[in-house]
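**Student:** Take the sequences, apply the hints, and build the full model.
Chain order of the listed sequences is A and B.
Heads up: the first sequence begins at 1 in my numbering, then just goes up one per residue.
Heads up: the second sequence begins at 1 in my numbering, then just goes up one per residue.
Watch out, some of these pointers could steer you wrong.
[Claimed, not checked] Quick list of the computed label-pair ranges, beta carbon to beta carbon: (1) B:Glu-338 x A:His-11: 23 to 29 Å; (2) B:Pro-68 x A:Asp-340: 26 to 32 Å; (3) B:Leu-298 x A:Asp-228: 52 to 58 Å; (4) A:Thr-232 x B:Asn-281: 54 to 60 Å; (5) B:Asp-50 x A:Arg-30: 51 to 57 Å; (6) B:Met-337 x A:Arg-30: 27 to 33 Å.
[As the list claims (entries may be wrong)] DSS-like, lysine-lysine: derived pairs with alpha carbons at most 27 Å apart: (7) A:Lys-343 x A:Lys-216; (8) B:Lys-317 x B:Lys-7; (9) B:Lys-173 x B:Lys-209; (10) A:Lys-236 x B:Lys-85; (11) B:Lys-85 x B:Lys-31; (12) B:Lys-85 x B:Lys-236; (13) B:Lys-276 x B:Lys-209; (14) A:Lys-216 x A:Lys-329; (15) B:Lys-317 x A:Lys-85; (16) A:Lys-31 x B:Lys-317; (17) A:Lys-223 x A:Lys-209; (18) A:Lys-53 x A:Lys-85; (19) A:Lys-85 x B:Lys-236; (20) A:Lys-7 x A:Lys-31; (21) A:Lys-2 x A:Lys-343; (22) B:Lys-209 x B:Lys-343; (23) A:Lys-31 x B:Lys-236; (24) B:Lys-236 x B:Lys-276; (25) B:Lys-215 x B:Lys-236; (26) B:Lys-85 x A:Lys-317; (27) A:Lys-317 x B:Lys-31; (28) A:Lys-343 x A:Lys-236; (29) B:Lys-236 x B:Lys-343; (30) B:Lys-7 x A:Lys-7; (31) B:Lys-215 x B:Lys-329; (32) B:Lys-53 x B:Lys-2; (33) A:Lys-236 x B:Lys-31.
Don't read these hints as lab results, they were simulated from the structure.
By construction, the Cβ of each residue, glycine as well, lies at the ideal position given by its N, Cα and C atoms.
Number of protein chains: 2
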Amino acid sequence: MKKLSIKSSSHSYPVYIGENIRFNLSNLVRKSYSSFLIITDENVGGLYLDDVKQSIGISDNIHHVVIPAGEQSKNIQSFYALHTKAMEYGLDRNSLIIALGGGVIGDLAGFVAATFMRGIDYIQVPTTILAHDSSVGGKVAINHELGKNLIGNFYSPRSVIYDVTTLHTLPLKEIRSGYAELIKEALLADQELFQDILQTNLDSLSNSKLIEHLKKGIHIKAKIVEQDERETGSRKYLNLGHTLGHGLEAELGYGAITHGEAVAIGLLFALYVSEKEFSNNLAFENVFHWFHRNQYPLHIQNMDVNALLDRMRLDKKTLMQRIQMILLKKISEPQIMEFDNYKLEQYITGFISYLNDRMTS
Amino acid sequence: MKKLSIKSSSHSYPVYIGENIRFNLSNLVRKSYSSFLIITDENVGGLYLDDVKQSIGISDNIHHVVIPAGEQSKNIQSFYALHTKAMEYGLDRNSLIIALGGGVIGDLAGFVAATFMRGIDYIQVPTTILAHDSSVGGKVAINHELGKNLIGNFYSPRSVIYDVTTLHTLPLKEIRSGYAELIKEALLADQELFQDILQTNLDSLSNSKLIEHLKKGIHIKAKIVEQDERETGSRKYLNLGHTLGHGLEAELGYGAITHGEAVAIGLLFALYVSEKEFSNNLAFENVFHWFHRNQYPLHIQNMDVNALLDRMRLDKKTLMQRIQMILLKKISEPQIMEFDNYKLEQYITGFISYLNDRMTS
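**Tutor:** Have a look at this one:
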């Protein structure tokens, strides 16, 4: 088992990464709690809920709620219903919420913990590769119908317990989704990791390689959020690929493509714009080939570019109605840049037609 | 104009108290913001919205939302609708929310600010006496149908701008409501203020006397929240009178009596139980007489005591299903005490019948 430590403004917390550590929760959760509420989804619950319950102990005070899987659950209705459950189960300020699942569960259960009686403890037990990113750094949120993650808090977990054995059951689509965030982190800060991922074939990913990549990705993420927890500066760089990515997710309808698949297209767009703006040669071709070889969906059909721009304008980086994008001057050298509507529209139109040409040629 | 300064864990903020200072907002709000959203209710909006808008300046970026007055607005639907408005008006992370109104507006608008894009700045512009309490200390929340203030955050404002001139338009019912919290603060920490309030007739309250009481009340509140912002210890004392008070409000239906009127009954109950538990002679009689003389509603009719206990158990101080009450060993010496159901039921039944006897005798 590996252990990283993350500093937040309110407290430090450990990230444990290891095999089968879901069976060891009661030792990893040091504090004693009056009761527990495990929040999970239908997919993950069927696989790991019993393990986690038994791992905490035998008690009347261990409750659970299973919600439908998918981004659609990250809404205000689920949020309120989870509060109702927490009250009905008699949770109090000394209770612990356990987020067992992917990013949707982590964001939603974390936001419930952040707001239940003005904040109680929670831990993240991520079960996807994608959630290596969202489980660290304390960003919790639900979606608004107008945009993703627009209602939320900065609220750090008490620990992150990452049992990589649970990743074995992931479908390839979810592995792809997670690796988009890993590539993003590599592009921001680690040329070596970037090259190593480009050498990796997701079809035949080994467990040791996955753990190595996850550990490096979490390390990059941790360094950035420690410097700028509340995203007033450098944490914005973690939005590389997300300005278009979030817009695509909202415009296509949550769940139509995975978050990571949307981020993959967003990363290509960021590289495309970076190469035009800075006349550099980043790695668009290499990344495009790697995404293509690993079967990321890269076609964008029948897109209303103006509607997409409206979605992008609701991005949390937007200031005075002007969209901000993270670009790369070179690998490990991100930069934020502001665009007016016209220029961004030109870039998006050009990018979509370039992408579609490449995919059909 | 008087100025107090409050330290919170994230920043310090000023509380300005003075006459007609609502006309001076642009000078008191130091930072420059990309846009403004004033949240107010129908009553206050009709009186002061124009003053506040003009005081900020002439700009396309000053928006407002007027919601129905009353505790019923402090719910999840209003919360979501305000987020929608904030997005439609194009608010960004450099925008400011202005809570113009009483405690309901302050709590609701503050919670919207705390969660909009994971937190933007807000200021409190309280227009009731009661809100001298809620506007200081950073507690923001909405109600859940099962209990009051159960969904919220600790999130401090950037400043509190308290124009006491706006208090002139308050009906007597609202003055009563505010003075219940002032008496509570006096009981917790200031024997002299307590005696002075008991000498005050609310019918003929002078402006100078009111300012003096508000300043002292805010000072007491500020000292307590600075010591224990997140209510792990001494801040709980500010709940004096609220365990029963919140229960009554929920059980009678929000809006049936004002918050302060419910707290007044709760304070009498806390004094009643304190005198029995500690065999002391606090001031039950004096406080009862003062409430009675100032026409606080002290009758409790047809109350289902078990339903009331269920409501009280949802109090945020409850631990392991056991209700915690704040009692007074003597004035300025609060103490937290845990009760089992049976004992509390006896006390409540005894108290209600005692109160009703006194009121009909």
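**Student:** A separate judgement is required for each hint: does it hold in the structure or not?
**Tutor:** We went through each hint and held it up to the structure:
1. B:Glu-338 x A:His-11: 23 to 29 Å: 27 Å, holds
2. B:Pro-68 x A:Asp-340: 26 to 32 Å: Violated: the Cβ-Cβ distance is about 40 Å, outside 26 to 32 Å.
3. B:Leu-298 x A:Asp-228: 52 to 58 Å: 54 Å, holds
4. A:Thr-232 x B:Asn-281: 54 to 60 Å: With Cβ atoms ~55 Å apart, the hint holds.
5. B:Asp-50 x A:Arg-30: 51 to 57 Å: 56 Å, holds
6. B:Met-337 x A:Arg-30: 27 to 33 Å: 29 Å, holds
7. A:Lys-343 x A:Lys-216: Violated - the C-alpha atoms of A:Lys-216 and A:Lys-343 are around 35 Å apart, more than 27 Å.
8. B:Lys-317 x B:Lys-7: 24 Å, holds
9. B:Lys-173 x B:Lys-209: Distance ~18 Å between B:Lys-173 and B:Lys-209 Cα, so the pair holds.
10. A:Lys-236 x B:Lys-85: Distance ~25 Å between A:Lys-236 and B:Lys-85 Cα, so the pair holds.
11. B:Lys-85 x B:Lys-31: 23 Å, holds
12. B:Lys-85 x B:Lys-236: 35 Å, violated
13. B:Lys-276 x B:Lys-209: Given that 27 Å is the threshold and the Cα spacing comes to 34 Å, the pair is violated.
14. A:Lys-216 x A:Lys-329: At roughly 22 Å apart (the allowed maximum being 27 Å), A:Lys-329 and A:Lys-216 satisfy the hint.
15. B:Lys-317 x A:Lys-85: 18 Å, holds
16. A:Lys-31 x B:Lys-317: Within the cut-off at roughly 19 Å; holds.
17. A:Lys-223 x A:Lys-209: Satisfied, since the Cα-Cα distance of roughly 21 Å is no more than 27 Å.
18. A:Lys-53 x A:Lys-85: Satisfied, since the Cα-Cα distance of roughly 17 Å is no more than 27 Å.
19. A:Lys-85 x B:Lys-236: With a Cα-Cα distance of about 25 Å, the restraint between A:Lys-85 and B:Lys-236 holds, given a limit of 27 Å.
20. A:Lys-7 x A:Lys-31: 18 Å, holds
21. A:Lys-2 x A:Lys-343: Answer violated: A:Lys-2 to A:Lys-343 is near 46 Å, above 27 Å.
22. B:Lys-209 x B:Lys-343: 41 Å, violated
23. A:Lys-31 x B:Lys-236: Answer holds: A:Lys-31 to B:Lys-236 is near 22 Å, not above 27 Å.
24. B:Lys-236 x B:Lys-276: 21 Å, holds
25. B:Lys-215 x B:Lys-236: Since the Cα atoms of B:Lys-215 and B:Lys-236 sit roughly 21 Å apart, the hinted pair holds (cutoff 27 Å).
26. B:Lys-85 x A:Lys-317: Status holds; Cα separation ~18 Å.
27. A:Lys-317 x B:Lys-31: 19 Å, holds
28. A:Lys-343 x A:Lys-236: 21 Å, holds
29. B:Lys-236 x B:Lys-343: It holds: about 21 Å lies between the C-alpha atoms, which stays within 27 Å.
30. B:Lys-7 x A:Lys-7: 23 Å, holds
31. B:Lys-215 x B:Lys-329: This hinted pair holds, its Cα atoms lying about 26 Å apart.
32. B:Lys-53 x B:Lys-2: 23 Å, holds
33. A:Lys-236 x B:Lys-31: Roughly 22 Å separates the two Cα atoms, so the pair holds.
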